[in-house]
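> Listed below, chain by chain, are the residues.
Number of protein chains: 2
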Amino acid sequence: ARPRVGYYYTGKSPYEVVASKIRRYRVKDLHSRPVVVSVETTVYDALITLFLEDVGTLFVVREGGFLEGVVSRKDFLKLAFGGQDFRSVPVSVIMTRRPHVVTTTPEESVWEAARKIVIHEVDALPVVEPVASGQDLLVVGRFSKTNVTRLFVEMGEGR
Amino acid sequence: ARPRVGYYYTGKSPYEVVASKIRRYRVKDLHSRPVVVSVETTVYDALITLFLEDVGTLFVVREGGFLEGVVSRKDFLKLAFGGQDFRSVPVSVIMTRRPHVVTTTPEESVWEAARKIVIHEVDALPVVEPVASGQDLLVVGRFSKTNVTRLFVEMGEGR
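Going down the list, the protein sequences come from chains H and P. If you use the working numbering, the first sequence corresponds to residues 1 to 159, in order. If you use the working numbering, the second sequence corresponds to residues 1 to 159, in order.
Rather than coming from a laboratory, the hints here were simulated on the basis of the structure. Even for Gly, the Cβ is constructed at its ideal location relative to N, Cα and C. It is possible that part of the hints are untrue.
Below, simulated DSS-like cross-link-like pairs (lysine-lysine); rule was C-alpha separation at most 30 Å, straight line [unchecked claim]:
{"hint": "1", "chain 1": "H", "residue 1": "21", "chain 2": "P", "residue 2": "74"}
{"hint": "2", "chain 1": "P", "residue 1": "74", "chain 2": "H", "residue 2": "28"}
{"hint": "3", "chain 1": "H", "residue 1": "12", "chain 2": "H", "residue 2": "116"}
{"hint": "4", "chain 1": "H", "residue 1": "12", "chain 2": "P", "residue 2": "21"}
{"hint": "5", "chain 1": "H", "residue 1": "28", "chain 2": "H", "residue 2": "116"}
Pairwise CB distance ranges, derived in the manner of DEER restraints [said to hold, decoys possible]:
{"hint": "6", "chain 1": "P", "residue 1": "51", "chain 2": "H", "residue 2": "138", "range": "27 to 37 Å"}
{"hint": "7", "chain 1": "H", "residue 1": "16", "chain 2": "P", "residue 2": "40", "range": "32 to 42 Å"}
{"hint": "8", "chain 1": "P", "residue 1": "29", "chain 2": "H", "residue 2": "28", "range": "26 to 36 Å"}
{"hint": "9", "chain 1": "P", "residue 1": "120", "chain 2": "H", "residue 2": "23", "range": "27 to 37 Å"}
{"hint": "10", "chain 1": "P", "residue 1": "131", "chain 2": "H", "residue 2": "129", "range": "52 to 62 Å"}
{"hint": "11", "chain 1": "P", "residue 1": "133", "chain 2": "H", "residue 2": "45", "range": "29 to 39 Å"}
{"hint": "12", "chain 1": "P", "residue 1": "131", "chain 2": "H", "residue 2": "97", "range": "44 to 54 Å"}
{"hint": "13", "chain 1": "H", "residue 1": "52", "chain 2": "P", "residue 2": "118", "range": "20 to 30 Å"}
{"hint": "14", "chain 1": "P", "residue 1": "118", "chain 2": "H", "residue 2": "65", "range": "23 to 33 Å"}
Selected chain H positions facing chain P (Cβ under 7 Å, derived; list incomplete) [stated by the list, open to error]:
{"hint": "15", "residue": "17"}
{"hint": "16", "residue": "18"}
{"hint": "17", "residue": "22"}
{"hint": "18", "residue": "26"}
{"hint": "19", "residue": "62"}
{"hint": "20", "residue": "65"}
{"hint": "21", "residue": "76"}
{"hint": "22", "residue": "118"}
{"hint": "23", "residue": "122"}
{"hint": "24", "residue": "153"}
{"hint": "25", "residue": "155"}
Build out the structure end to end from the sequences listed, making use of the hints.
Here is the structure:
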């Protein structure tokens, strides 16, 4: 007998249906635009950017938009806590540097990127594309817990 | 004919299967323990708690564990940015106060709580239980984007 319209018969358990749907999304489907500052920027100016753009994480790049590091609210707070002057310190002093920065790519699954966020206990990942010339990574986006939370809400709406 | 074991036949589209599964989780199934400070705490001591507990949001309570406000990394950074002395200011000066604090409850769906996080642009919600005696809210947990991200990762594993 043919199933009625709307019926559904795949041999998968509900858990598998959910898992396979979750794993189908790609980072490129939902990442945000990156907010970047130059390695020469002072902590003070970087903090202004953080507030104006209202993000929790900045990506630090050199000329051409290539990733050098990542700086988070927590890094800024550590400096403030130590009583250091924001104006005299370049952002490169407080950032996490490559190769210690965890990254994702546009083609990676959202599930895999979310796993990296959980495992490495970070709020956001730079979305990068390798450049033909070698080790350089071009920053093309920002993928965060906010993107995952928004997707979760949309999926709960049946979209 | 009976479906084979593992088969599945409910009249729901895959989107509906995912949506109904997502909406079934309750906040009490996965929230974290709350990290709280007293309203009399100085910003300096609150910041120490923030670092020691490694959370992004503290809940500010009065005696008995009743919610008075919420303070986030962003609130601390604003103060640091203004150059104010951390030691002299009580945390109540920089916190978001009730009734402006968005809350959730143990019985609320994770989906609804995640929606509140997205709509109100916050990182975490205090999980509260109303107290018989009136307007007071007892803080019993912390629900954040991290909880949503962890659940998303687990669901993608087919659990």
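> Now tell me if each hint is right for this structure.
Taking the hints in turn, this is what the structure says about them:
Distance hint between residue 21 of chain H and residue 74 of chain P is unfulfilled; the C-alpha atoms sit about 35 Å from each other, more than 30 Å. Restraint check: the Cα-Cα separation between residue 74 of chain P and residue 28 of chain H comes to about 28 Å, which is no more than 30 Å; the hinted pair holds. Under the criterion of a C-alpha separation no larger than 30 Å, the hint pairing residue 12 of chain H with residue 116 of chain H is consistent with the structure, at around 27 Å. Restraint check for residue 12 of chain H and residue 21 of chain P: the C-alpha separation of about 14 Å stays at or below 30 Å, so the hint holds.
Distance restraint check for residue 28 of chain H and residue 116 of chain H: the Cα-Cα separation of roughly 16 Å lies within the 30 Å cut-off, and the hinted pair is therefore satisfied. Hint check: residue 51 of chain P to residue 138 of chain H, Cβ distance near 34 Å, so the stated range 27 to 37 Å holds. Restraint check, residue 16 of chain H to residue 40 of chain P: a C-beta distance of roughly 52 Å breaks the suggested window 32 to 42 Å. Between residue 29 of chain P and residue 28 of chain H the beta carbon distance is about 31 Å. The supplied range of 26 to 36 Å therefore holds.
Residue 120 of chain P and residue 23 of chain H have their C-beta atoms about 29 Å apart, which keeps the hinted 27 to 37 Å range intact. Judged by the Cβ atoms, the range 52 to 62 Å given for residue 131 of chain P and residue 129 of chain H holds: they are separated by roughly 53 Å. The hint said 29 to 39 Å for the Cβ distance between residue 133 of chain P and residue 45 of chain H, and at roughly 50 Å that hint is violated. Distance hint check: the CB atoms of residue 131 of chain P and residue 97 of chain H are about 49 Å apart, consistent with the given range 44 to 54 Å.
Between residue 52 of chain H and residue 118 of chain P the beta carbon distance is about 21 Å. The supplied range of 20 to 30 Å therefore holds. For residue 118 of chain P and residue 65 of chain H, the hinted distance range of 23 to 33 Å is satisfied, since their beta carbons lie about 29 Å from each other. Residue-level restraint check for residue 17 of chain H holds (minimum Cβ-Cβ distance to chain P is 5 Å; threshold 7 Å). At a threshold of 7 Å, the smallest CB-CB gap from residue 18 of chain H to chain P is about 5 Å, leaving the interface hint in force.
Interface restraint check: residue 22 of chain H against chain P, minimum CB-CB distance 4 Å, threshold 7 Å, status holds. Given hint, residue 26 of chain H at the interface with chain P, is violated; its Cβ is 13 Å from that chain's nearest Cβ, farther than 7 Å. Interface hint status for residue 62 of chain H: violated, as the beta-carbon distance to the closest one in chain P is roughly 25 Å, over 7 Å. Checking residue 65 of chain H against chain P by beta carbon gives a least distance of about 26 Å; that is not within 7 Å, so the hint is violated.
Because the beta carbon of residue 76 of chain H sits about 6 Å from the nearest beta carbon in chain P, less than 7 Å, this interface hint is met. Restraint check, residue 118 of chain H versus chain P: the minimum CB separation of about 5 Å is within 7 Å; hint holds. Because the beta carbon of residue 122 of chain H sits about 10 Å from the nearest beta carbon in chain P, more than 7 Å, this interface hint is broken. Checking residue 153 of chain H against chain P by beta carbon gives a least distance of about 5 Å; that is within 7 Å, so the hint holds.
Evaluation of the residue 155 of chain H hint against chain P yields a held restraint, the C-beta minimum of about 5 Å falling below 7 Å.
Going through the hint list in order, the structure does not satisfy hints 1, 7, 11, 18, 19, 20, 23.
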